[in-house]
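If you want the building blocks of each chain, they are given just below.
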Amino acid sequence: MTPPDRALRVVPERAETPPRPAPSGPPILEARRLGRAFKVRGGLLHALSNVTLSCAPGTSLGIVGESGCGKTTLNRLLLALDRPTSGEVMFRGKPLSDMSRAEMRVYRRAVQPVFQNPYSSLSPRMKVRRIIAEPLSASREMSRAGVRDRVIEVLEQVGLSADVADRLPSEFSGGQRQRIAIARALASRPELLLLDEPVSSQDISIQAQILNILKDLQEDYGLATLFVSHDLATVRFMCDEVVVIYLGRVVERGPAARICTTPDHPYTAALLAAALPADPAAPATDTPPMGELPSPLSPPSGCAYHTRCPFAQEICKQERPVLKETPRGEVACHRVSAEGWS
Amino acid sequence: MTEPLLSIRDLTVRVGKHPEAPSILDRVSLDLMPGETLGLVGESGSGKSTLGMSVLRLNSPRLAAGTTGQILWQGRDVQKMSARQLRRIRGEEISMILQDPMASLNPVQSIGVQLREALRRSGKRNLSAAAEAALAEVNIPSPADRLRAYPHQMSGGMRQRIVSAIGLAQDPNLLICDEPTTALDATIQYQFLELLAALRAAHDMAMLFITHDFGVVARICDRVAVMYAGRIVETGPVAEIFARPAHPYTRALLASVPSTRHAPRRLPVIEGQPPAVGNRPRGCPFHPRCAAATDQCQSVPPRAEIRPGHVLDCWHPQEIAHDPA
Ligand SMILES: Nc1ncnc2c1ncn2[C@@H]1O[C@H](COP(=O)(O)OP(=O)(O)OP(=O)(O)O)[C@@H](O)[C@H]1O
Ligand SMILES: Nc1ncnc2c1ncn2[C@@H]1O[C@H](COP(=O)(O)OP(=O)(O)OP(=O)(O)O)[C@@H](O)[C@H]1O
Ligand code: SF4
Ligand code: SF4
Ligand SMILES: [Mg+2]
Ligand SMILES: [Mg+2]
Numbered sequence: 001m002t003p004p005d006r007a008l009r010v011v012p013e014r015a016e017t018p019p020r021p022a023p024s025g026p027p028i029l030e031a032r033r034l035g036r037a038f039k040v041r042g043g044l045l046h047a048l049s050n051v052t053l054s055c056a057p058g059t060s061l062g063i064v065g066e067s068g069c070g071k072t073t074l075n076r077l078l079l080a081l082d083r084p085t086s087g088e089v090m091f092r093g094k095p096l097s098d099m100s101r102a103e104m105r106v107y108r109r110a111v112q113p114v115f116q117n118p119y120s121s122l123s124p125r126m127k128v129r130r131i132i133a134e135p136l137s138a139s140r141e142m143s144r145a146g147v148r149d150r151v152i153e154v155l156e157q158v159g160l161s162a163d164v165a166d167r168l169p170s171e172f173s174g175g176q177r178q179r180i181a182i183a184r185a186l187a188s189r190p191e192l193l194l195l196d197e198p199v200s201s202q203d204i205s206i207q208a209q210i211l212n213i214l215k216d217l218q219e220d221y222g223l224a225t226l227f228v229s230h231d232l233a234t235v236r237f238m239c240d241e242v243v244v245i246y247l248g249r250v251v252e253r254g255p256a257a258r259i260c261t262t263p264d265h266p267y268t269a270a271l272l273a274a275a276l277p278a279d280p281a282a283p284a285t286d287t288p289p290m291g292e293l294p295s296p297l298s299p300p301s302g303c304a305y306h307t308r309c310p311f312a313q314e315i316c317k318q319e320r321p322v323l324k325e326t327p328r329g330e331v332a333c334h335r336v337s338a339e340g341w342s
Numbered sequence: 001m002t003e004p005l006l007s008i009r010d011l012t013v014r015v016g017k018h019p020e021a022p023s024i025l026d027r028v029s030l031d032l033m034p035g036e037t038l039g040l041v042g043e044s045g046s047g048k049s050t051l052g053m054s055v056l057r058l059n060s061p062r063l064a065a066g067t068t069g070q071i072l073w074q075g076r077d078v079q080k081m082s083a084r085q086l087r088r089i090r091g092e093e094i095s096m097i098l099q100d101p102m103a104s105l106n107p108v109q110s111i112g113v114q115l116r117e118a119l120r121r122s123g124k125r126n127l128s129a130a131a132e133a134a135l136a137e138v139n140i141p142s143p144a145d146r147l148r149a150y151p152h153q154m155s156g157g158m159r160q161r162i163v164s165a166i167g168l169a170q171d172p173n174l175l176i177c178d179e180p181t182t183a184l185d186a187t188i189q190y191q192f193l194e195l196l197a198a199l200r201a202a203h204d205m206a207m208l209f210i211t212h213d214f215g216v217v218a219r220i221c222d223r224v225a226v227m228y229a230g231r232i233v234e235t236g237p238v239a240e241i242f243a244r245p246a247h248p249y250t251r252a253l254l255a256s257v258p259s260t261r262h263a264p265r266r267l268p269v270i271e272g273q274p275p276a277v278g279n280r281p282r283g284c285p286f287h288p289r290c291a292a293a294t295d296q297c298q299s300v301p302p303r304a305e306i307r308p309g310h311v312l313d314c315w316h317p318q319e320i321a322h323d324p325a
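Same order as they appear, the protein sequences are chains A and B.
Oh and the first sequence: position 119 is 119 in UniProt numbering, straight run, nothing missing.
Oh and the second sequence: position 285 is 285 in UniProt numbering, straight run, nothing missing.
Hints in this document: simulated from the structure, not taken from any laboratory.
Think of the CB as a built atom: it goes at the ideal place given N, C-alpha and C, for glycine as much as any other residue.
Some clues are possibly wrong.
Claimed, not checked - 25 Å max Cα-Cα, derived SDA-like pairs, lysine to any residue:
1. A/Lys39 with B/Met154
2. A/Lys127 with B/Thr182
3. A/Lys215 with B/Ala291
4. A/Lys215 with B/Pro264
5. A/Lys39 with A/Gly25
6. A/Lys215 with A/Arg92
7. A/Lys39 with B/Lys80
8. B/Lys80 with B/Met154
9. A/Lys215 with B/Val269
10. A/Lys215 with B/Arg265
11. A/Lys215 with B/Gln153
Stated by the list, open to error - To give a feel for the contact side, a few chain B residues facing chain A, derived at Cβ under 10 Å:
12. Gly16
13. Pro19
14. Thr67
15. Arg265
16. Arg266
17. Gly272
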């Protein structure tokens, strides 16, 4: 076997995005030891276990992992579209479960979702103007003229012109619909956008346009984002920090640039190897992904990744590694310590 | 010089017979040599699937009626083949894998029944043993048990491997893959591409690989053809096209793909969106979105071979090296 520390150093670092201003203030939204188990035929399916994370003002957090690892489950819990079976979601330091109706209204305006599929997320019979104004209707303090101006303003922020407002979503292409969905999310002046695979169903040229719009929103308006994706390259572009999830558990966390160049966890290394670069001269990886995701209904013992891990040892089958802090972030692997690989 | 396995000349596919009907493909020409893998890359609606289906004459009757040009399979014109000749070619000489493996599998038949049928058609004896071997070849664990399973009992990655096993049962010379990995996770895609590369070598076959993903092209293809609005706008050896793309569309598209290796402040984008069939601009179809466009681009651009095998249709080729991300 290759010495692991060499094996995991995948590619050299290149030109870097200048660091964004440090996050300011207490977190907007937090997940504390969040868990969600579904009752299904054949038992309990632990879709999410013990996930702790926080979204601070002006930061951008990426959530990555394979299909079925629990990304959408997490997103739905954070949006209060579903309730956790353990742990808490906290908004401005207070558990959602303890909040009054008035507080929930504030939360609903401050935290806005954008989903993957702009076909199903926009009502087909409503004009764009009404779709966008809908999140504003809850607030009585806004005049009709104020709402009208706000609609135009957010349309411009996503690169659409004002005349779009009087048309139906069906008149637009997928990329334009996703812009409309983003404009809708922006209408209530949120502090945090929760984006669940917002570009996965789009063409390449349209993906780049939408990613740039989201980046503008992050940088120009200091909007915090949580970006759920199965694509590490997109996450590298969009996010400061990345959380990697495997079978519902956090296995690694760290700065996006570090995660995408020198991952600590073997699963992160496999995800990175699978993100094929558009470069036929790219060197072959030492850590190719192997095997398939085991059934979440009966996850492997010990480290759930041991069935696919090229570095697994006896202990990996018996003991679940805890998420430890290292100078590089956090990692749950028996073979990684604060000093590095062993 | 060896003859091409597949040679397409001026293939135009219109929606219906009328000579003015909107075209989906516009004078497409390409050659595929034995054992070679050609990547067909382009955005949604550019005509990739229509091209793949044309080779086996699988397009709808309306498109078939609007098809002109030549498709030569080992020198024989596919357009002129009888139904019997065509049946022989489909499966025996050319196989196809689609994005949705369920579309190629019968949901109410076990994997074993479907695989044995494909093997029987290819004249194999001892079908059960052959079926087990075929599943083992596509890395399906405990193949004997899996033969009794039904498609819905398997993961997407496993189904795609089973479709490949069925497609390869008759040892085709050409495998047409229409986005076979688009619905798969990146980790499963990676493994499937490795498997395809191994099968390609073992069966000595050519591949026409349709995708919208340049990473996949870089990984598995020898040559690449870039499609835009029903035309092949640039084609050449993979190393050449990625190092020195000269068509403004290829260059812009390559530059707009995010990479794990670096994070620019903004992605270079192509403004606007690809045109719909029936609404395609005259002349160079890319001109409304092209940063290098001039008035000249309203007329059909000339075709030029700027280096061996590197051909493009453009009035203003961009001869500057590209820095692969
Ligand atoms: N309502 C539900 N009932 C039962 N199981 C569920 C339910 N919702 C999700 N699951 C299961 O929980 C696990 C996590 O699903 P989730 O949708 O969160 O994954 P994901 O990471 O978003 O996947 P994808 O990338 O495919 O969107 C899966 O095994 C899924 O089958
Ligand atoms: N029978 C038909 N009648 C009319 N238009 C058609 C027909 N079949 C396909 N088209 C159109 O032709 C264009 C090209 O379709 P095709 O499926 O070949 O594109 P593609 O490049 O494979 O796209 P994708 O990446 O989405 O699969 C599309 O705009 C499609 O709507
Ligand atoms: S704990 Fe063991 S099996 Fe799990 S990732 Fe680390 S080395 Fe691999
Ligand atoms: S022909 Fe003109 S419009 Fe078309 S790609 Fe070349 S420069 Fe751009
Ligand atoms: Mg999901
Ligand atoms: Mg297609």
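Verification of the hints:
A distance of roughly 22 Å separates the Cα atoms of A/Lys39 and B/Met154; the hinted pair therefore holds under the 25 Å criterion. A distance of roughly 33 Å separates the Cα atoms of A/Lys127 and B/Thr182; the hinted pair therefore is violated under the 25 Å criterion. The hinted pair formed by A/Lys215 and B/Ala291 meets the criterion: a straight-line CA distance of about 23 Å does not exceed 25 Å. Proximity of A/Lys215 to B/Pro264 is assessed by CA-CA distance (about 11 Å); at most 25 Å being required, the pair is judged to hold.
With a CA separation close to 38 Å, the supplied pair A/Lys39 and A/Gly25 exceeds the 25 Å bound. Taken as a hint, the A/Lys215 and A/Arg92 pair is honoured in the structure, with Cα atoms around 24 Å apart against an allowance of 25 Å. Under the criterion of a C-alpha separation no larger than 25 Å, the hint pairing A/Lys39 with B/Lys80 is inconsistent with the structure, at around 59 Å. This hinted pair does not check out: B/Lys80 and B/Met154 have alpha carbons roughly 40 Å apart, beyond 25 Å.
The hinted pair formed by A/Lys215 and B/Val269 meets the criterion: a straight-line CA distance of about 13 Å does not exceed 25 Å. With a C-alpha separation of about 8 Å, the suggested pairing of A/Lys215 with B/Arg265 holds against the 25 Å cut-off. Between A/Lys215 and B/Gln153 the CA atoms are separated by roughly 41 Å; this puts the pair beyond 25 Å, and the hint is violated. Here the hint on B/Gly16 is broken, as its CB sits about 24 Å from the closest CB of chain A, past 10 Å.
The criterion of a C-beta within 10 Å of any C-beta in chain A is not met by B/Pro19, whose closest approach is roughly 29 Å, and the hint is violated. Because the smallest distance between the Cβ of B/Thr67 and any Cβ of chain A comes to about 26 Å, over 10 Å, the interface hint for this residue is violated. The beta carbon of B/Arg265 comes within 6 Å of a beta carbon in chain A, closer than 10 Å, and the hint placing it at the interface holds. For B/Arg266, the suggested interface contact is upheld, since its CB lies about 5 Å from the closest CB of chain A, less than 10 Å.
Satisfaction of the interface hint for B/Gly272 is found here, the shortest Cβ-Cβ separation to chain A being roughly 8 Å, below the 10 Å cut-off.
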